[in-house]
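Protein chains in written order, with the numbering used here: chain A, 1 to 263; chain B, 1 to 274.
One or more of the hints may lead you astray.
Claimed, not checked - Calculated pairs, DSBU-like style, for lysine-lysine (alpha carbon to alpha carbon, straight line, at most 30 Å):
| hint | chain 1 | residue 1 | chain 2 | residue 2 |
| --- | --- | --- | --- | --- |
| 1 | B | Lys258 | B | Lys17 |
| 2 | A | Lys114 | B | Lys178 |
| 3 | A | Lys86 | B | Lys258 |
| 4 | A | Lys82 | A | Lys252 |
| 5 | B | Lys258 | B | Lys268 |
| 6 | B | Lys268 | B | Lys178 |
| 7 | A | Lys7 | A | Lys179 |
| 8 | A | Lys95 | A | Lys114 |
| 9 | A | Lys7 | A | Lys252 |
| 10 | B | Lys6 | A | Lys179 |
| 11 | A | Lys179 | A | Lys114 |
| 12 | A | Lys256 | A | Lys114 |
| 13 | B | Lys258 | B | Lys178 |
| 14 | A | Lys256 | A | Lys41 |
| 15 | B | Lys6 | A | Lys41 |
| 16 | A | Lys95 | A | Lys9 |
| 17 | A | Lys253 | A | Lys7 |
| 18 | A | Lys9 | B | Lys179 |
| 19 | A | Lys114 | A | Lys86 |
| 20 | A | Lys252 | A | Lys41 |
| 21 | A | Lys179 | B | Lys179 |
| 22 | B | Lys179 | A | Lys114 |
| 23 | A | Lys41 | B | Lys49 |
| 24 | A | Lys179 | A | Lys9 |
| 25 | B | Lys178 | A | Lys86 |
| 26 | A | Lys7 | B | Lys6 |
| 27 | B | Lys179 | B | Lys49 |
| 28 | B | Lys138 | B | Lys49 |
| 29 | B | Lys179 | A | Lys82 |
| 30 | B | Lys6 | B | Lys178 |
| 31 | A | Lys86 | A | Lys252 |
| 32 | A | Lys41 | A | Lys95 |
| 33 | A | Lys41 | B | Lys268 |
| 34 | A | Lys253 | A | Lys41 |
| 35 | A | Lys82 | B | Lys267 |
| 36 | A | Lys9 | B | Lys178 |
| 37 | A | Lys252 | A | Lys179 |
What the hints assert, rightly or not - Pairwise CB distance ranges, derived in the manner of DEER restraints:
| hint | chain 1 | residue 1 | chain 2 | residue 2 | range |
| --- | --- | --- | --- | --- | --- |
| 38 | A | Ile237 | B | Leu213 | 43 to 53 Å |
| 39 | A | Lys82 | B | Ile157 | 53 to 63 Å |
| 40 | B | Ala146 | A | Lys86 | 36 to 46 Å |
Treat the hints as calculated values from the structure; they're not laboratory data.
Just so you know, even glycine gets a beta-carbon here, dropped at the ideal spot from N, CA and C.
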Amino acid sequence: MQAYIYKMKMKMQVSLTYRFEVFAVVITRFILILANVFLWKCVYADQNSMNGLNLEQMITYSVLSACLSSMFQCGVQDTMNKDIRKGDIALLMMKPYSLLGAYFAEDLGNIIVKTCNVSLPILIMSVIIFHVSAPVTITVIPLLFLSIFLGLMILWFMSALIGMLTFVTMELGNMGVLKDTIVAILSGSMIPLWFFPERIENILMMTPFPYTYQTPLGLYIGRISIQEGFGQIMIQIFWVCLLAAATGYTWKKVQKSVMVQGG
Amino acid sequence: MWESIKHYFSVFAFSAKLALQSELEYSSYLVCWLFMIPIQIFSGIYVLKVIMERIGTLNGWTFGQVAFLYGLGVFSHGFQDMFFIQTRHIEYYVIQGEFDRMLLRPMGVFFQFCIGTVNLCGIFDLVPGAIIFWYGCKEVGFRWTAENAFLIIVVIIGATLIQAAIYTITGSIAFWTKKSSVFVGVNLELFDKTTQWPMVIYPKWFIRFFSFLIPMGFVSFYPVCGLLGISSGIDMPIPIDLAIWTPLVGIIWFIGAKTFFNRGLRKKYESAGS
Chain A
1 MQAYIYKMKM
11 KMQVSLTYRF
21 EVFAVVITRF
31 ILILANVFLW
41 KCVYADQNSM
51 NGLNLEQMIT
61 YSVLSACLSS
71 MFQCGVQDTM
81 NKDIRKGDIA
91 LLMMKPYSLL
101 GAYFAEDLGN
111 IIVKTCNVSL
121 PILIMSVIIF
131 HVSAPVTITV
141 IPLLFLSIFL
151 GLMILWFMSA
161 LIGMLTFVTM
171 ELGNMGVLKD
181 TIVAILSGSM
191 IPLWFFPERI
201 ENILMMTPFP
211 YTYQTPLGLY
221 IGRISIQEGF
231 GQIMIQIFWV
241 CLLAAATGYT
251 WKKVQKSVMV
261 QGG
Chain B
1 MWESIKHYFS
11 VFAFSAKLAL
21 QSELEYSSYL
31 VCWLFMIPIQ
41 IFSGIYVLKV
51 IMERIGTLNG
61 WTFGQVAFLY
71 GLGVFSHGFQ
81 DMFFIQTRHI
91 EYYVIQGEFD
101 RMLLRPMGVF
111 FQFCIGTVNL
121 CGIFDLVPGA
131 IIFWYGCKEV
141 GFRWTAENAF
151 LIIVVIIGAT
161 LIQAAIYTIT
171 GSIAFWTKKS
181 SVFVGVNLEL
191 FDKTTQWPMV
201 IYPKWFIRFF
211 SFLIPMGFVS
221 FYPVCGLLGI
231 SSGIDMPIPI
241 DLAIWTPLVG
251 IIWFIGAKTF
261 FNRGLRKKYE
271 SAGS
């Protein structure tokens, strides 16, 4: 355990070095939120409610979505890609800890740092400037944390699975960015899936994507009731287990095909 | 004069060929972009469509008009990606001392810098952009007269120059600070939200700021207003909703960017290496 905590701390220190970058990320996110808020204000100019959501809920949704996406940092695929390309992976695998666990610890460190210096500042700025409402009831808060954590795990296992492609292809290109794009659209991070035609929404609800962003956000704004929330959290747990199993299995398989380049 | 233009052009053609060849080496990157860029572009317009289906018009803009604007915005983004992607990486050039090589050659550094890269990914922007633009043209009944076609071409050129100029200026800050890549993300986000969404959704102060201080409004918003005969709602003593402003603003900003770049290069560039 100590090894993982050490890895996490190291990553946190590395992330904290780039202060100016953090500032730029906060500004970028804030522009995105600002543009979204203006868009929604314009959309809601003539009506009070759309798909069961009012303006305040919609603004809260998009602000929190930006906060979550700054928080959900899954760098595992890029780290894996780098380690495999440079051949470091062979040495890392000999170390007396689970390498996947170490990757997770590193990402966790990054997530903690990003939560503190990106997500929280933009949340505070947004609360002051826009009308971000509080969660519907206090009882929802524990559920909310649970579903954010499970959503994060879904994303992390997806990243790990994509990262492992490098064992086969030797180069991932920017598959990570491609994944992020797809997740942004299908998870309800860009726009809630309730706006999509019902057929598409129903199909998407059978994939793991909506359970990463839409479940926690929907719970927060009260579009998903607590009863429904329990159901969705069960589905989240199902996806986490499934993806974890897939990751574990693939990890075992690909380890056999480690090829070390260079010398 | 003619001879020197020919000379400059032959240098451009040769370095474009080299750039393309090196680009094709990294095919896995190309494949990823091939999927990602169209997905991003189409999903962006799809989100607007989904929203607009519920409300009909966005502050008076129909979906056809929005698609027209979106397509035009994507076009200039694509051309900027294709020919000026290096303007996003000035920081790298400064830190690695990449300008040393260019300074040794008998040609302007800014020119060499501009022609140094041809990024194939630009095509992945242009194709979806063309599809959306074509759809927009059909929906709004855009008439392809010689005059309109000419205006579209100069608007795209002008808009590309504006985008390249903004990236060059923000990138050139690296000459002073050694750090400027952080602006790339900010720029990308700003361009997305000001050139692919009709700016009518924003309050007046916001539109003015991004028109007269930073010329983002001229990339697609004002020219589309001019071409489609929509009022931008910005009261100015001179008519601003004209397509012809875009190439003018583009040329002026590009010259400004060149000056700023050269100033940084002459005064602050330190070279690298031992």
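Going through the hints against the structure:
1. With a C-alpha separation of about 24 Å, the suggested pairing of Lys258/B with Lys17/B holds against the 30 Å cut-off.
2. Annotation: proposed proximity of Lys114/A to Lys178/B holds, straight-line Cα distance about 24 Å (limit 30 Å).
3. A distance of roughly 39 Å separates the Cα atoms of Lys86/A and Lys258/B; the hinted pair therefore is violated under the 30 Å criterion.
4. Distance check on the hinted pair: Lys82/A and Lys252/A sit about 19 Å apart at the alpha-carbon level, within 30 Å; holds.
5. A threshold of 30 Å between alpha carbons decides the hint, and for Lys258/B with Lys268/B the separation of about 15 Å falls inside it, so the pair holds.
6. Our distance criterion of 30 Å between C-alpha atoms is met by Lys268/B and Lys178/B, whose separation comes to about 10 Å.
7. Only pairs whose Cα atoms come within 30 Å are accepted, and Lys7/A paired with Lys179/A is accepted, the gap being roughly 25 Å.
8. Proximity of Lys95/A to Lys114/A is assessed by CA-CA distance (about 28 Å); at most 30 Å being required, the pair is judged to hold.
9. For a cut-off of 30 Å, the pair hint linking Lys7/A to Lys252/A stands: about 22 Å separates their Cα positions.
10. Pair hint Lys6/B plus Lys179/A does not hold up; C-alpha atoms about 45 Å apart against a cutoff of 30 Å.
11. Only pairs whose Cα atoms come within 30 Å are accepted, and Lys179/A paired with Lys114/A is accepted, the gap being roughly 20 Å.
12. Restraint check: the Cα-Cα separation between Lys256/A and Lys114/A comes to about 35 Å, which exceeds 30 Å; the hinted pair is violated.
13. In summary, the hint linking Lys258/B to Lys178/B is supported, as the alpha carbons are separated by about 18 Å, within the 30 Å threshold.
14. Proximity of Lys256/A to Lys41/A is assessed by CA-CA distance (about 55 Å); at most 30 Å being required, the pair is judged violated.
15. For the hint pairing Lys6/B with Lys41/A, the CA-to-CA distance comes to about 53 Å; that exceeds 30 Å, so the pair is violated.
16. Distance hint between Lys95/A and Lys9/A is fulfilled; the C-alpha atoms sit about 18 Å from each other, no more than 30 Å.
17. Between Lys253/A and Lys7/A the CA atoms are separated by roughly 25 Å; this keeps the pair inside 30 Å, and the hint holds.
18. Restraint check for Lys9/A and Lys179/B: the C-alpha separation of about 26 Å stays at or below 30 Å, so the hint holds.
19. With a CA separation close to 27 Å, the supplied pair Lys114/A and Lys86/A stays within the 30 Å bound.
20. A distance of roughly 51 Å separates the Cα atoms of Lys252/A and Lys41/A; the hinted pair therefore is violated under the 30 Å criterion.
21. Annotation: proposed proximity of Lys179/A to Lys179/B holds, straight-line Cα distance about 28 Å (limit 30 Å).
22. For the hint linking Lys179/B to Lys114/A, the alpha-carbon distance of about 21 Å falls within 30 Å, and the restraint holds.
23. Under the criterion of a C-alpha separation no larger than 30 Å, the hint pairing Lys41/A with Lys49/B is consistent with the structure, at around 17 Å.
24. At roughly 27 Å between alpha-carbon atoms, Lys179/A and Lys9/A fall within 30 Å of each other, so this suggested pair holds.
25. The hinted pair formed by Lys178/B and Lys86/A meets the criterion: a straight-line CA distance of about 28 Å does not exceed 30 Å.
26. About 58 Å separates the Cα atoms of Lys7/A and Lys6/B, which puts this hinted pair outside 30 Å; it is violated.
27. For the proposed pair Lys179/B and Lys49/B, the alpha carbon gap of about 39 Å is over 30 Å, so the pair is violated.
28. Annotation: proposed proximity of Lys138/B to Lys49/B holds, straight-line Cα distance about 16 Å (limit 30 Å).
29. Only pairs whose Cα atoms come within 30 Å are accepted, and Lys179/B paired with Lys82/A is accepted, the gap being roughly 24 Å.
30. Of the pairs offered as hints, the one joining Lys6/B and Lys178/B is violated, with about 36 Å between alpha carbons and a cut-off of 30 Å exceeded.
31. Our distance criterion of 30 Å between C-alpha atoms is met by Lys86/A and Lys252/A, whose separation comes to about 21 Å.
32. Annotation: proposed proximity of Lys41/A to Lys95/A is violated, straight-line Cα distance about 54 Å (limit 30 Å).
33. Only pairs whose Cα atoms come within 30 Å are accepted, and Lys41/A paired with Lys268/B is rejected, the gap being roughly 45 Å.
34. Only pairs whose Cα atoms come within 30 Å are accepted, and Lys253/A paired with Lys41/A is rejected, the gap being roughly 51 Å.
35. Taking the CA atoms of Lys82/A and Lys267/B, the gap is near 37 Å; set against the 30 Å cutoff, the hint is violated.
36. Proximity of Lys9/A to Lys178/B is assessed by CA-CA distance (about 28 Å); at most 30 Å being required, the pair is judged to hold.
37. Of the supplied pair hints, the one linking Lys252/A and Lys179/A holds, its CA atoms being roughly 23 Å apart against a limit of 30 Å.
38. About 51 Å separates the C-beta atoms of Ile237/A and Leu213/B, a value consistent with the hinted range of 43 to 53 Å.
39. The beta-carbon spacing between Lys82/A and Ile157/B, approximately 40 Å, falls outside the hinted interval of 53 to 63 Å.
40. Between Ala146/B and Lys86/A the beta carbon distance is about 57 Å. The supplied range of 36 to 46 Å is therefore violated.
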